[in-house]
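Q: The lines below spell out each chain.
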Amino acid sequence: MENNRSVVVSTRIRLARNVSTVPFLQNMDEKAARDVIDNVYDAIGKGYELIELKNISAVDKQILVEQHLISPDLLKSKWGALILNKERTISIMLNEEDHIRMQCILPGLAFSEAYAKIDELDKKIESMLKYAYDSQFGYLTACPTNVGTGMRASVMMHLPALTMQGRMTDVIRALSKFGLTVRGLYGEGSEALGNMYQLSNQVTLGVSEKEIINTIDNSALHLANMEADTAKAIYAKNKIETEDRLYRSYGIFKNAHKLDSKEMMSLLSDIWLAVSLGLLSGITYDELYELMIKAQPAAILKKAGGEINILERDYIRAKMVREATKDITYS
Amino acid sequence: MKCDICKKNDATIHQTIIVNGNKEEMHFCEECAQKGVVGFNKAFSMEDFFGAFLGKEVKTIEPTCKSCGMTIEQLKKTGRLGCEDCYNELRQYILPVIQNVHGRTTHVGKTPYGDFSETIEAFDKKGPTEVMDEAKTLSVELKQAIEKEDYESAAIIRDRIKVIKELEQAKGE
Ligand SMILES: [Zn+2]
Ligand SMILES: [Zn+2]
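Quick note, the sequences are listed as chains R and F, same order. Positions in the first sequence are counted from 1; adding 811 to them yields the working numbering. Positions in the second sequence are counted from 1; adding 328 to them yields the working numbering.
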């Protein structure tokens, strides 16, 4: 298990649901939107925090996007709201494209645990609210691409070696045969910055939740092994070049006083690879991922506590990186 | 009822058009519809099509969701439906889109009445013992009940299968 942690960053399952007899978002009024928020919040019980997006700053909204707790689409909704558990492993977007989009994110490859959590939450809400459902199309969603299970299962993976070898195009093509799509760190259309890729199921109708999860779980495991083997093979074949490149990246990471987010991402990917090859130690994959999210633009803006220019932002980012990586040592 | 276009296949899709001020019902089969006559994939406007087909000037009445007023034209623009009833009201137009996206048209998995897929799956895989024969019959009945949307019977059958499963497990231990 520990083995694939160098490749598998996190697991995510999302369910889309709509409340029966309430029109979908584009035809909704304020009263209906209010009811969705109140009813769902009442249904799930204690231990959750409710955040109405209209009450928080633009920077705070952007940070929620960077943390993958909400989608950029929620920012477009007039009545968008978010419910979070204390650990922030469960987040429920309200009045996004669908009335309810609940998700569970867990570190590593953890589909059965994530599904158990989200299924429990779903049942809890369903016991209080009637969902829009059709015996042919399953759970009904605003967009026909999400009907059926309404489920999107995804896994975030760090794939530097396969990318380096130019094999991602083939990998993506192969995965599409199993109904899986591949996106970058921040979803649709986003670049695979830092060699981070998100695998997710495309089809939601006519396949059961279990089948969807099995397919993506097996593919992720297979891909993780492929990545680890490829990384080892590259290192074994080009020892000096690999060490030179990764240690140079470490040198920059440790000493830079100005880092833009693109450079940070690519260096961080090298450090990650160096740790997985046993060249560096003293930092965990979770810490590296946390750094990646904390060093995104909005998070830095928040840390600065006011208006800053790009130079100042890149300076703060470099400082953060130096601090976060100070315990890294040569193995 | 036969398709107005090919006059061969059974018509499953119905469209109201206005010819010289009079309403007329048109009927066609899936195949002709898929060829680009109606719904999302049409190559030219419905008016043009019916005009050429009938040799007269025609107007179509756009299919609309009775609950929220959503039309097919709007749906094509936004890709989003207006309310849950749209799926029922506009089913024949949404069906090809769903078939196209998902490659299938019927939901399996979790339902508001429970998740039956696992039960069916489990029994389809078991070997032909006496107990399993009974379970097999039950799993067929379960499938039929679900198809008929008789969820009450489905729940009862599912519970019976569960008992058999437990008995079998107890025997094996
Ligand atoms: Zn025909
Ligand atoms: Zn409607």
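Just so you know, these hints were derived from the structure itself, not from any lab. C-beta: ideal position from N, C-alpha, C; glycine also. Please note that the accuracy of each hint is not assured.
[To be verified] Pairwise CB distance ranges (calculated):
| id | chain 1 | residue 1 | chain 2 | residue 2 | range |
| --- | --- | --- | --- | --- | --- |
| 1 | R | PRO918 | F | ASP443 | 19 to 29 angstroms |
| 2 | R | ASP1071 | F | LYS471 | 19 to 29 angstroms |
| 3 | R | ASP945 | F | THR399 | 14 to 24 angstroms |
| 4 | F | LYS471 | R | ASP884 | 32 to 42 angstroms |
| 5 | F | GLU462 | R | LYS897 | 29 to 39 angstroms |
| 6 | R | LEU886 | F | LYS404 | 17 to 27 angstroms |
| 7 | F | LYS471 | R | ASN1025 | 17 to 27 angstroms |
Q: Falls inside 17 to 27 angstroms, the C-beta gap from F/LYS471 to R/ASN1025?
A: 21 angstroms, holds
Q: If you check the beta carbons of F/LYS471 and R/ASP884, does the distance land in 32 to 42 angstroms?
A: 38 angstroms, holds
Q: So does R/ASP1071 sit 19 to 29 angstroms from F/LYS471, Cβ to Cβ?
A: 58 angstroms, violated
Q: Holds or violated: the 14 to 24 angstroms window for the beta-carbon distance between R/ASP945 and F/THR399?
A: Holds, at about 20 angstroms.
Q: Please test the hint of 17 to 27 angstroms on the beta carbon pair from R/LEU886 and F/LYS404.
A: Since R/LEU886 and F/LYS404 have Cβ atoms about 26 angstroms apart, the given range 17 to 27 angstroms holds.
Q: Indicate whether the distance between the beta carbons of F/GLU462 and R/LYS897 respects the range 29 to 39 angstroms.
A: Roughly 48 angstroms apart at Cβ, these two residues miss the hinted range, so it is violated.
Q: Is the distance from the Cβ of R/PRO918 to the Cβ of F/ASP443 consistent with 19 to 29 angstroms?
A: 27 angstroms, holds
Figure legend: structure checked against the earlier numbered hints; hints not met, in rising order: 2, 5.
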